[in-house]
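J.: Model the full structure from these sequences, guided by the hints.
Keeping their order, the protein sequence lines are chains A and B.
All residue numbers for the first sequence refer to my numbering, where the first residue is 1 and numbers rise by one.
All residue numbers for the second sequence refer to my numbering, where the first residue is 1 and numbers rise by one.
Derived from the structure by calculation, the hints contain no laboratory data.
There may be inaccurate statements among the hints.
[What the hints assert, rightly or not] Covered stretches of chain B, as calculated for chain A (at least 3 residues, CB under 8 Å):
id : stretch
1  : 25 to 38
2  : 84 to 97
[Said to hold, decoys possible] Computed from the model, here is a short list of chain B residues facing chain A with C-beta under 8 Å:
id : residue
3  : Ser61
4  : Ile74
5  : Ser116
6  : Ala121
7  : Ile132
8  : Arg135
9  : Thr136
10 : Ser210
11 : Asn214
Note that this is a predicted model, so its numbers are computed, not measured.
Note that the Cβ used here is the ideal one computed from N, Cα and C, for glycine as well.
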Amino acid sequence: MSDTAVERGSARIPTPVVSPRELLPWAIAVSVLMLVLVYFVGSEEGALSLISGTSVHEFVHDARHLLGFPCH
Amino acid sequence: MARTLLVRGLIAGVLAGVLAFVFAKIFGEPQIDKAIAFEEMLAAAAGDPGEPEVVSRGVQSTLGLFTGTVVMGIALGSIYAIVFAWAYGRIGALGARATAALLALAAFLAITLVPSTKYPANPPTVGNPDTIDRRTLLFFAMIAISVLALLAAWRLWQQLAPRLGAWNGAIVAAIVFVAVIAVAELILPTVQETPRGFPADVLWHFRVASIGINATLWAALGLGFGALAERVLEPSAARRAAAPARA
Numbered sequence: 001m002s003d004t005a006v007e008r009g010s011a012r013i014p015t016p017v018v019s020p021r022e023l024l025p026w027a028i029a030v031s032v033l034m035l036v037l038v039y040f041v042g043s044e045e046g047a048l049s050l051i052s053g054t055s056v057h058e059f060v061h062d063a064r065h066l067l068g069f070p071c072h
Numbered sequence: 001m002a003r004t005l006l007v008r009g010l011i012a013g014v015l016a017g018v019l020a021f022v023f024a025k026i027f028g029e030p031q032i033d034k035a036i037a038f039e040e041m042l043a044a045a046a047g048d049p050g051e052p053e054v055v056s057r058g059v060q061s062t063l064g065l066f067t068g069t070v071v072m073g074i075a076l077g078s079i080y081a082i083v084f085a086w087a088y089g090r091i092g093a094l095g096a097r098a099t100a101a102l103l104a105l106a107a108f109l110a111i112t113l114v115p116s117t118k119y120p121a122n123p124p125t126v127g128n129p130d131t132i133d134r135r136t137l138l139f140f141a142m143i144a145i146s147v148l149a150l151l152a153a154w155r156l157w158q159q160l161a162p163r164l165g166a167w168n169g170a171i172v173a174a175i176v177f178v179a180v181i182a183v184a185e186l187i188l189p190t191v192q193e194t195p196r197g198f199p200a201d202v203l204w205h206f207r208v209a210s211i212g213i214n215a216t217l218w219a220a221l222g223l224g225f226g227a228l229a230e231r232v233l234e235p236s237a238a239r240r241a242a243a244p245a246r247a
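T.: Next comes the structure, spelled out in structure tokens:
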């Protein structure tokens, strides 16, 4: 892979490497993935419940409290 | 390149999650144990048999905690890599490592530190189960306000810097950011659900540990991803850093 930084005197000015057009589908897919993962660690069986019972909530209980999510 | 950066975001995210777990295990778990001991003391005093354990404390404090922090590292690492892919080369004359560190610092400020001044982390026992819907909504609303306010302050700085200079522009933008947060925190309802008699030092240490866990996560993500991204974006700079003797 080529060096994307352009040499200008002693300062190296980086140029953008990804166009918004290329980035958009990645941004959408990753945002959805992030929401799902954050939901399961942070809020499942709290304000909402997709899976019945409290096993997910209880399993990640300590991480949920320590990462700062509201719990109980 | 989006794919290349995303893969590195995932790797840095796993690393950050593991380090956050280590910090949480050492500094966070003792406070959770003290909070649970207080809860059990209250239950015993009230003649309450206590809740049955669905997942044992041993699992919660090891495998459960590890899963939670690593999944969070993967989630934040992947979205962070996409934001970086957009930001690199577009936010001034910053190299890969500086861009990565600045983004992680901004994320820590906007997602953890600022919102925690209004809705801080709470240990078990603190918090009424009946108000979880409202508290969850307020928690995410405060994060959204904080992120939007930081983005707005950044745009403001970009407009002010050519006229006022970089320093003065930054001071004005920071004042506007703090003012927006102050107004939001005054308007949003206060949550006060700490039970009477709950040890104040446990609450304090728990909250400091929580901020420390998030700081560990973002620091590892920013510095780890910066090093990985530099190798693909600026290979000659990475080589110089790896072999300073020959430079």
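J.: Each hint should be assessed against the structure and marked as holding or not.
T.: Going through the hints against the structure:
no.: 1; hint: 25 to 38; in the structure: holds (count 3)
no.: 2; hint: 84 to 97; in the structure: holds (count 9)
no.: 3; hint: Ser61; in the structure: holds, 5 Å
no.: 4; hint: Ile74; in the structure: holds, 7 Å
no.: 5; hint: Ser116; in the structure: holds, 6 Å
no.: 6; hint: Ala121; in the structure: holds, 4 Å
no.: 7; hint: Ile132; in the structure: holds, 5 Å
no.: 8; hint: Arg135; in the structure: holds, 4 Å
no.: 9; hint: Thr136; in the structure: holds, 4 Å
no.: 10; hint: Ser210; in the structure: holds, 5 Å
no.: 11; hint: Asn214; in the structure: holds, 7 Å
In summary, the structure agrees with every hint in the numbered list given earlier.
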